[in-house]
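Participant: Take a look at the letters that make up each chain.
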Amino acid sequence: MSDTKHIPPPLWLLAELTYRCPLHCVFCYNPLNYAENRNELTTAQWIDVMQQARKMGAAQLGFSGGEPLVRDDLEELIGEGHRLGYYTNLITSGVGLTEPRIARMKELGLDHIQLSFQDSTKEMNDFLSSTKTFDLKSRVAKLIKQYDYPMVLNVVLHRYNLDHVGRIIEMAIEMGVEYLELANTQYYGWGMVNREQLMPTREQLERAEAVVNEYRAKLGNKVRILFVVPDYFEERPKACMNGWGSVFLAVAADGAALPCHAAKSLPGLDFPNVTSATLQDIWYKSDAFNRYRGDAWMKEPCRSCSEKDKDFGGCRCQAYALTGDAENADPVCSKSPHHGDVKKIVLQAQVKPVTVAEKPLIYRSDANSMQYASIPIKDIRDKVT
Amino acid sequence: MNELPVKPKLARLFRMQWEEAQGAYVLLYPEGMVKLNQSAGEILKRCDGERDLAALVSDLEQSFGATGLEPDVKGFLEVATERGWIV
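So the sequences go chain by chain: A and B. The opening position of the first sequence corresponds to residue 1 in my numbering, with each subsequent residue numbered one higher. The opening position of the second sequence corresponds to residue 386 in my numbering, with each subsequent residue numbered one higher.
Just so you know, the hints here were simulated from the structure itself, not pulled from any lab data. As the structure is a prediction and not an experimental result, all values here were calculated from the model. There could be a bad hint or two in this list.
To be verified - Below, in silico cross-link-like pairs of lysine to any residue (SDA-like), each with a Cα-Cα straight-line distance of 25 angstroms or less:
1) B:420 to A:7
2) A:310 to B:468
3) A:310 to B:409
4) A:238 to B:420
5) A:285 to B:406
6) A:145 to B:400
7) A:142 to B:416
8) A:106 to B:469
9) A:222 to B:460
10) A:218 to B:395
11) B:394 to A:147
12) A:145 to B:416
13) B:420 to A:304
14) A:222 to B:435
15) A:132 to B:425
16) A:55 to B:423
17) A:222 to B:418
18) B:430 to B:398
19) A:145 to A:73
20) A:238 to A:304
21) A:310 to A:293
22) A:335 to A:301
23) A:238 to A:287
24) A:222 to B:417
25) B:459 to B:406
26) B:420 to B:463
27) A:238 to A:267
28) B:420 to A:226
29) A:222 to B:406
30) B:459 to A:207
31) A:222 to B:434
32) B:392 to B:425
33) A:218 to B:397
34) B:420 to A:73
35) A:222 to B:389
Assemble the whole structure, with the sequences as input and the hints as a guide.
Facilitator: Okay, here's the thing in structure tokens:
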């Protein structure tokens with residue numbers, strides 16, 4: 001297992017520069033207790049991480065967060081990423097992306113900007129992010145094209161905007177984006193605590209997918225539309241992260257190295273920190289990164305499953321969140337003995353949806369985060385399931 | 386659906402570079418990467434917007450001392466066009 005010869009190098013380095021964010025999105029995947037630990041790596045430490053990962057083979061570099069623009073050394077990090085030969089991606093809400101900054105980033109070699117919108121309407125965008133940001137985001141979208149960046153527009157989908165998919169696609173066309181990522185909500189972090197309110201109906205999903213397919217046929221490869229499947233509605237799990245510790249390496253704001261952005265929610269794993277170990281040791285030798293590599297850790301039904309090399313048993317964080325054991329099959333899989341629980345959650349949204357009037361959405365905010373800070377993760381799980 | 390470009394060149398959205406760790410040319414694009422096999426790499430790096438199909442084929446045949454490459458090159462260009470790699 002820890003035989004480094006058989007472990008491929010990381011290809012993707014995601015730098016979650018900060019958990020500070022001006023938005024308060026109800027589906028944010030950041031840890032619920034993010035406000036508890038406000039440590040952030042210094043500029044020099046980030047540059048060191050980028051150099052190490054590049055040397056190991058990483059070619060994609062994402063700057064994310066929180067909102068990466070709140071770091072005023074972002075430009076310096078972009079410049080260094082470009083010099084090292086990375087393809088550099090800025091993943092942003094757009095808040096703080098002024099014209100001088102976007103111009104400077106272009107000079108420094110930023111390759112691409114992914115801008116998030118919450119909806120095609122001002123009302124829903126501003127409601128879901130608990131901010132007045134729609135007009136600002138629209139101005140940023142224009143700036144991105146004005147400075148000739150390839151642009152991905154990312155919109156997280158759920159019950160409140162799935163019916164707007166046609167208008168969202170029209171908005172994307174008007175903005176001139178190259179990729180539109182329609183990402184159905186994944187239920188981690190803040191998305192998990194708001195799951196009952198966000199879960200769409202199957203009819204909504206099917207209608208939305210039909211609209212997406214109509215546009216795909218019409219647009220050809222002018223605008224690529226990615227429709228990230230809402231896995232609760234599936235019979236087989238996603239190949240999460242393309243396998244644990246296989247291509248993806250995230251480094252959290254405080255320097256914790258993670259095989260996926262949600263991994264901190266897993267119990268009993270001690271994630272190594274880049275301030276006290278080399279990336280080489282972390283990737284190839286640490287217990288955390290080796291824990292779910294290969295298939296020796298798998299239980300039935302995964303262990304003897306013919307599809308285990310295809311989906312790797314699905315998502316560890318989801319297995320833990322929904323079954324209490326990270327080594328179980330992701331219960332999205334119909335072969336999982338817990339699959340009935342997932343079906344029940346989906347059915348609930350169908351027959352008796354929980355409305356925001358009954359149960360208000362919990363916004364991602366420092367105050368709300370502190371509520372979760374002192375609660376052991378296991379109890380958070382019990383609270384939301 | 387998408388017609389084969391006469392003098393293909395790499396689309397603006399993609400960056401092609403040699404990756405030592407993978408021992409291959411890769412195409413990099415927003416949040417994604419395609420590892421190219423050797424022949425794909427050799428064809429794509431010649432797609433400079435100057436050469437047409439015939440020029441690409443003769444250049445490749447000369448470089449590799451091969452003949453009859455046209456169907457393979459054309460086949461690859463069709464795939465690359467469909468995927469938006471070349472315009």
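Participant: Against each hint, give a clear statement of whether it holds in the structure.
Facilitator: Evaluation of the provided hints:
Straight-line distance between C-alpha atoms of residue 420 (chain B) and residue 7 (chain A) comes to about 17 angstroms, which keeps the hinted pair within the 25 angstroms bound. With a CA separation close to 23 angstroms, the supplied pair residue 310 (chain A) and residue 468 (chain B) stays within the 25 angstroms bound. Restraint check for residue 310 (chain A) and residue 409 (chain B): satisfied, since their Cα atoms lie roughly 24 angstroms apart, inside the 25 angstroms limit. Distance restraint check for residue 238 (chain A) and residue 420 (chain B): the Cα-Cα separation of roughly 22 angstroms lies within the 25 angstroms cut-off, and the hinted pair is therefore satisfied.
Restraint check for residue 285 (chain A) and residue 406 (chain B): satisfied, since their Cα atoms lie roughly 19 angstroms apart, inside the 25 angstroms limit. A C-alpha spacing of about 18 angstroms is found between residue 145 (chain A) and residue 400 (chain B), which places the hinted pair at or below 25 angstroms, so the restraint holds. For the given pair, residue 142 (chain A) sits about 21 angstroms from residue 416 (chain B) by alpha-carbon distance, which is consistent with the 25 angstroms threshold. For a cut-off of 25 angstroms, the pair hint linking residue 106 (chain A) to residue 469 (chain B) stands: about 23 angstroms separates their Cα positions.
For the hint pairing residue 222 (chain A) with residue 460 (chain B), the CA-to-CA distance comes to about 21 angstroms; that is within 25 angstroms, so the pair holds. Taking the CA atoms of residue 218 (chain A) and residue 395 (chain B), the gap is about 23 angstroms. The hint holds against a cut of 25 angstroms. With a C-alpha separation of about 22 angstroms, the suggested pairing of residue 394 (chain B) with residue 147 (chain A) holds against the 25 angstroms cut-off. Between residue 145 (chain A) and residue 416 (chain B) the alpha-carbon distance is near 18 angstroms, which keeps this suggested pair within the 25 angstroms criterion.
Proposed proximity of residue 420 (chain B) and residue 304 (chain A) is contradicted: the alpha carbons are some 31 angstroms apart, above 25 angstroms. The suggested pairing of residue 222 (chain A) with residue 435 (chain B) holds, with an alpha-carbon distance near 23 angstroms, which does not exceed 25 angstroms. The straight-line distance between the Cα atoms of residue 132 (chain A) and residue 425 (chain B) is roughly 47 angstroms, outside the 25 angstroms bound, and the hint therefore fails. As the CA atoms of residue 55 (chain A) and residue 423 (chain B) are separated by approximately 22 angstroms, the hinted pair is consistent with the 25 angstroms bound.
Distance hint between residue 222 (chain A) and residue 418 (chain B) is fulfilled; the C-alpha atoms sit about 19 angstroms from each other, no more than 25 angstroms. Between residue 430 (chain B) and residue 398 (chain B) the alpha-carbon distance is near 15 angstroms, which keeps this suggested pair within the 25 angstroms criterion. Restraint check for residue 145 (chain A) and residue 73 (chain A): satisfied, since their Cα atoms lie roughly 23 angstroms apart, inside the 25 angstroms limit. Our distance criterion of 25 angstroms between C-alpha atoms is met by residue 238 (chain A) and residue 304 (chain A), whose separation comes to about 18 angstroms.
At roughly 13 angstroms between alpha-carbon atoms, residue 310 (chain A) and residue 293 (chain A) fall within 25 angstroms of each other, so this suggested pair holds. Under the criterion of a C-alpha separation no larger than 25 angstroms, the hint pairing residue 335 (chain A) with residue 301 (chain A) is consistent with the structure, at around 7 angstroms. Pair hint residue 238 (chain A) plus residue 287 (chain A) holds up; C-alpha atoms about 24 angstroms apart against a cutoff of 25 angstroms. Proposed proximity of residue 222 (chain A) and residue 417 (chain B) is supported: the alpha carbons are some 17 angstroms apart, at most 25 angstroms.
Restraint check for residue 459 (chain B) and residue 406 (chain B): not satisfied, since their Cα atoms lie roughly 29 angstroms apart, outside the 25 angstroms limit. Distance restraint check for residue 420 (chain B) and residue 463 (chain B): the Cα-Cα separation of roughly 18 angstroms lies within the 25 angstroms cut-off, and the hinted pair is therefore satisfied. Between the alpha carbons of residue 238 (chain A) and residue 267 (chain A) the distance comes to roughly 21 angstroms, so the proposed pair stays at or under 25 angstroms and holds. Proposed proximity of residue 420 (chain B) and residue 226 (chain A) is supported: the alpha carbons are some 20 angstroms apart, at most 25 angstroms.
Between residue 222 (chain A) and residue 406 (chain B), the direct Cα distance comes to roughly 32 angstroms. Violation of the 25 angstroms bound is thereby established for this hinted pair. As the CA atoms of residue 459 (chain B) and residue 207 (chain A) are separated by approximately 38 angstroms, the hinted pair breaks the 25 angstroms bound. The straight-line distance between the Cα atoms of residue 222 (chain A) and residue 434 (chain B) is roughly 20 angstroms, inside the 25 angstroms bound, and the hint therefore holds. Proposed proximity of residue 392 (chain B) and residue 425 (chain B) is supported: the alpha carbons are some 17 angstroms apart, at most 25 angstroms.
Taken as a hint, the residue 218 (chain A) and residue 397 (chain B) pair is honoured in the structure, with Cα atoms around 22 angstroms apart against an allowance of 25 angstroms. A C-alpha spacing of about 32 angstroms is found between residue 420 (chain B) and residue 73 (chain A), which places the hinted pair above 25 angstroms, so the restraint is violated. About 15 angstroms separates the Cα atoms of residue 222 (chain A) and residue 389 (chain B), which keeps this hinted pair within 25 angstroms; it holds.
This entry does not satisfy hints 13, 15, 25, 29, 30, 34, going by the numbered hints stated previously.
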